[in-house]
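Fit chain B to the supplied structure of chain A, relying on the hints for placement.
Residue numbers (my numbering), protein chains in the order written: chain A, 1 to 387; chain B, 1 to 387.
Please note that the accuracy of each hint is not assured.
Unchecked claim - In the EDC-like style, the derived pairs of lysine to aspartate or glutamate whose C-alpha atoms are separated by at most 16 Å in a straight line are: (1) B/384 - B/347; (2) B/260 - A/239; (3) A/16 - A/237; (4) A/260 - B/239; (5) A/260 - A/156; (6) A/331 - A/299; (7) B/56 - B/25; (8) B/331 - B/347; (9) B/21 - A/7; (10) A/21 - B/7; (11) B/16 - B/237; (12) B/88 - B/64.
Calculated from the structure, these hints are not laboratory results.
2 protein chains.
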Amino acid sequence: MNNFTYDISTVVHFGKGQIEKLGAEVAKRSGRVLMVYGGGSVKRNGVYDGAAAQLKAHGVAWVELSGVEPNPRINTVREGVRLCREEKLDGVLALGGGSVIDCAKGIAAGALYDGDPWDFPAGKAAPEQALPIFTVLTMAATGSEMDSIAVISNMDSHEKEAFSAPCCLPAVSILDPAYTCSLPASQTAAGTADIMSHTLENYFSPIETNYLADNMAEAILRACVHYGPKAIDTPDDYEARANLMWCASWAINGFLSMGKPVGWSVHRMEHELSAFYDVTHGVGLAILTPNWMRYVLSEQTEARFARYGEAVWDLDRSLPQREKAEAAIQKTRDFFSALGLPATLTEVGIDGTHFAEMARKARTANFDRTFVPLSTEDILEIYKMSL
Amino acid sequence: MNNFTYDISTVVHFGKGQIEKLGAEVAKRSGRVLMVYGGGSVKRNGVYDGAAAQLKAHGVAWVELSGVEPNPRINTVREGVRLCREEKLDGVLALGGGSVIDCAKGIAAGALYDGDPWDFPAGKAAPEQALPIFTVLTMAATGSEMDSIAVISNMDSHEKEAFSAPCCLPAVSILDPAYTCSLPASQTAAGTADIMSHTLENYFSPIETNYLADNMAEAILRACVHYGPKAIDTPDDYEARANLMWCASWAINGFLSMGKPVGWSVHRMEHELSAFYDVTHGVGLAILTPNWMRYVLSEQTEARFARYGEAVWDLDRSLPQREKAEAAIQKTRDFFSALGLPATLTEVGIDGTHFAEMARKARTANFDRTFVPLSTEDILEIYKMSL
Numbered sequence: 001m002n003n004f005t006y007d008i009s010t011v012v013h014f015g016k017g018q019i020e021k022l023g024a025e026v027a028k029r030s031g032r033v034l035m036v037y038g039g040g041s042v043k044r045n046g047v048y049d050g051a052a053a054q055l056k057a058h059g060v061a062w063v064e065l066s067g068v069e070p071n072p073r074i075n076t077v078r079e080g081v082r083l084c085r086e087e088k089l090d091g092v093l094a095l096g097g098g099s100v101i102d103c104a105k106g107i108a109a110g111a112l113y114d115g116d117p118w119d120f121p122a123g124k125a126a127p128e129q130a131l132p133i134f135t136v137l138t139m140a141a142t143g144s145e146m147d148s149i150a151v152i153s154n155m156d157s158h159e160k161e162a163f164s165a166p167c168c169l170p171a172v173s174i175l176d177p178a179y180t181c182s183l184p185a186s187q188t189a190a191g192t193a194d195i196m197s198h199t200l201e202n203y204f205s206p207i208e209t210n211y212l213a214d215n216m217a218e219a220i221l222r223a224c225v226h227y228g229p230k231a232i233d234t235p236d237d238y239e240a241r242a243n244l245m246w247c248a249s250w251a252i253n254g255f256l257s258m259g260k261p262v263g264w265s266v267h268r269m270e271h272e273l274s275a276f277y278d279v280t281h282g283v284g285l286a287i288l289t290p291n292w293m294r295y296v297l298s299e300q301t302e303a304r305f306a307r308y309g310e311a312v313w314d315l316d317r318s319l320p321q322r323e324k325a326e327a328a329i330q331k332t333r334d335f336f337s338a339l340g341l342p343a344t345l346t347e348v349g350i351d352g353t354h355f356a357e358m359a360r361k362a363r364t365a366n367f368d369r370t371f372v373p374l375s376t377e378d379i380l381e382i383y384k385m386s387l
Numbered sequence: 001m002n003n004f005t006y007d008i009s010t011v012v013h014f015g016k017g018q019i020e021k022l023g024a025e026v027a028k029r030s031g032r033v034l035m036v037y038g039g040g041s042v043k044r045n046g047v048y049d050g051a052a053a054q055l056k057a058h059g060v061a062w063v064e065l066s067g068v069e070p071n072p073r074i075n076t077v078r079e080g081v082r083l084c085r086e087e088k089l090d091g092v093l094a095l096g097g098g099s100v101i102d103c104a105k106g107i108a109a110g111a112l113y114d115g116d117p118w119d120f121p122a123g124k125a126a127p128e129q130a131l132p133i134f135t136v137l138t139m140a141a142t143g144s145e146m147d148s149i150a151v152i153s154n155m156d157s158h159e160k161e162a163f164s165a166p167c168c169l170p171a172v173s174i175l176d177p178a179y180t181c182s183l184p185a186s187q188t189a190a191g192t193a194d195i196m197s198h199t200l201e202n203y204f205s206p207i208e209t210n211y212l213a214d215n216m217a218e219a220i221l222r223a224c225v226h227y228g229p230k231a232i233d234t235p236d237d238y239e240a241r242a243n244l245m246w247c248a249s250w251a252i253n254g255f256l257s258m259g260k261p262v263g264w265s266v267h268r269m270e271h272e273l274s275a276f277y278d279v280t281h282g283v284g285l286a287i288l289t290p291n292w293m294r295y296v297l298s299e300q301t302e303a304r305f306a307r308y309g310e311a312v313w314d315l316d317r318s319l320p321q322r323e324k325a326e327a328a329i330q331k332t333r334d335f336f337s338a339l340g341l342p343a344t345l346t347e348v349g350i351d352g353t354h355f356a357e358m359a360r361k362a363r364t365a366n367f368d369r370t371f372v373p374l375s376t377e378d379i380l381e382i383y384k385m386s387l
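Chain A with its partners taken away, still in its complex shape:
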């Protein structure tokens, strides 16, 4: 097991009605916050009213920034930074899913940074301090509620880039699975694919010496296979929603990658899809993941895929290893399809026009620590397989 540091200090209040703890938690750390949200859904599902009542009850003032986009834009981050400075705010409260929370992270760090916040995703600067971040989660998917990562897009330059810094870890997150019971099937499906993709990125690593991390990854994947379809068939199945939500946080909060190198190959490739075409992150991942698996399957990697097949898809242990590995990949593809997710880029209106540029941009990330190192040509090939 490689050395690592565990430091996940986010306080999570998990369960029905836990928003009642929000006001006291915010008031301990902030007096005037920027309340960040997306479209109108938080006004329909009670999250906005609940949060506003909590802030009022605990004497916390706030200013609002609404309209955060799926795949949040740097211009929205800049607007939030301006508001924090002008209104002298000392905290950021995100109401929403991963996009809203990522945007809040950019704002919280940008407010205490002298330059342009695009410097963070562009890799020109690392956030060293941030305003306290609070979240009320409305979707189980990105895990942003319990990690220090943010992904921000710049549509002018077709760039979608991530940054991560300890100061961007939320101080407090309210995880009430009941808020997700009103999500449409398409979002539940994309969220489930997102959770599984995060887990798979951690699971397929060049070394396997952290027994708990590997077994926890398999447990998260089995949970998604078990509860994802339940949540789609019966949207108000609380147990299904609760288990998906807790899995989402643990798929990417760092536990799965401790003690081993992790590469995030498929995410790097997917970010280019979103940057050029603004597709839903989970949909892009569901299309690319099985093709990435097929492409990297080899005599060297088939044992790991076979183990994945046994542990997650309950494949017969007596099958020959290669057959088991191939069956596991097909099961993955079939599962995403059963959730109603598209299987090809063509289905979501993407053709090969920009593949060469996308592959080149994706390859600017470090692919050296990945499960199987990929060249620009390899990435191009995986895009083509996904048409």
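Below, chain B without anything else, positioned relative to chain A:
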């Protein structure tokens, strides 16, 4: 899933040589600490020298309290409190295993409390504040390095009691598995049994709705079965030591009990063994656990034991449920024996003299949330089965 709060803010530096991070971490929070340790082992295995060098290098002064007992005594806690006050110390650094860390927790809370620290284990007062606690772990067993629990003994009154408070969660723990490579087989075996017992106490709960917690528990148990014998056969097997150490922390840091009621039946019974006879905690647990399992096995509980048998002991799924449950219990007993642990109280010199009083004292704890509620007579019967 029941509501819960996740708040595990201990910073863990895990791996070879991580003691090099100790000085800076302590200096951030404290200027003069009480260094607490047991016998001479920390002077032989390099922990004492490493910690002392770190404190010196970062300008942290210290006072020492050595000789902490296995099953730490309240008198030692009182002595530590006296030192903290007289020497105006502002932190407590524990070098050792669970006993030393538990003692440090009592001292850290007692130093900021007006009354006698026995009030905490006696349930007369709950710690509301404590000096910052730092640990350098030398044994994988109790998980005290990442939880807020302490168990303190009062040999005068034959009492061994636990207390728990958020302020007693260590601020920083150094987990270097290499320190455990010199442990004798008997301690490695007792530690492995302790980790498994913590996990089983969480696993056998009246409700099963937290998929991750249940699967993580099974993973920890499998890891113990896999790595425990390896660590005994090849004491310097770093991967085995590392996996056991990480499992120990996660068996009891709260993750396994989130969202469900947990009762700790066997621990309550074992505490009376230690209080009356000062047996090693892990040894007492290894003797009692299979007998508790046999006693609570019924038509109502056999499904859970059968699942345990499949997931942990790889039992044939096609076996009849009751048979599978019984086989799982026998596997548990056989495993502890294979580790070299005693199977009966008689082997450790305990007869039935005090059973009635022990059962009565054990039953003063709350047994209502346990997997199967137990009366004083039930507990007495389990003690008798263990002779």
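Status of each hint after checking the structure:
1. Restraint check for residue 384 of chain B and residue 347 of chain B: the C-alpha separation of about 14 Å stays at or below 16 Å, so the hint holds.
2. Annotation: proposed proximity of residue 260 of chain B to residue 239 of chain A holds, straight-line Cα distance about 13 Å (limit 16 Å).
3. In summary, the hint linking residue 16 of chain A to residue 237 of chain A is supported, as the alpha carbons are separated by about 13 Å, within the 16 Å threshold.
4. Among the hinted pairs, residue 260 of chain A with residue 239 of chain B is consistent with the structure: their alpha-carbon atoms are about 13 Å apart, no more than 16 Å.
5. Between the alpha carbons of residue 260 of chain A and residue 156 of chain A the distance comes to roughly 36 Å, so the proposed pair goes past 16 Å and is violated.
6. About 20 Å separates the Cα atoms of residue 331 of chain A and residue 299 of chain A, which puts this hinted pair outside 16 Å; it is violated.
7. Under the criterion of a C-alpha separation no larger than 16 Å, the hint pairing residue 56 of chain B with residue 25 of chain B is consistent with the structure, at around 13 Å.
8. The hinted pair formed by residue 331 of chain B and residue 347 of chain B fails the criterion: a straight-line CA distance of about 20 Å is larger than 16 Å.
9. For the suggested pair residue 21 of chain B and residue 7 of chain A, the alpha carbons sit about 14 Å apart, so the restraint of at most 16 Å is met.
10. With a CA separation close to 14 Å, the supplied pair residue 21 of chain A and residue 7 of chain B stays within the 16 Å bound.
11. Between the alpha carbons of residue 16 of chain B and residue 237 of chain B the distance comes to roughly 13 Å, so the proposed pair stays at or under 16 Å and holds.
12. Between residue 88 of chain B and residue 64 of chain B the alpha-carbon distance is near 13 Å, which keeps this suggested pair within the 16 Å criterion.
The structure is inconsistent with the numbered hints 5, 6, 8, although it conforms to all the rest.
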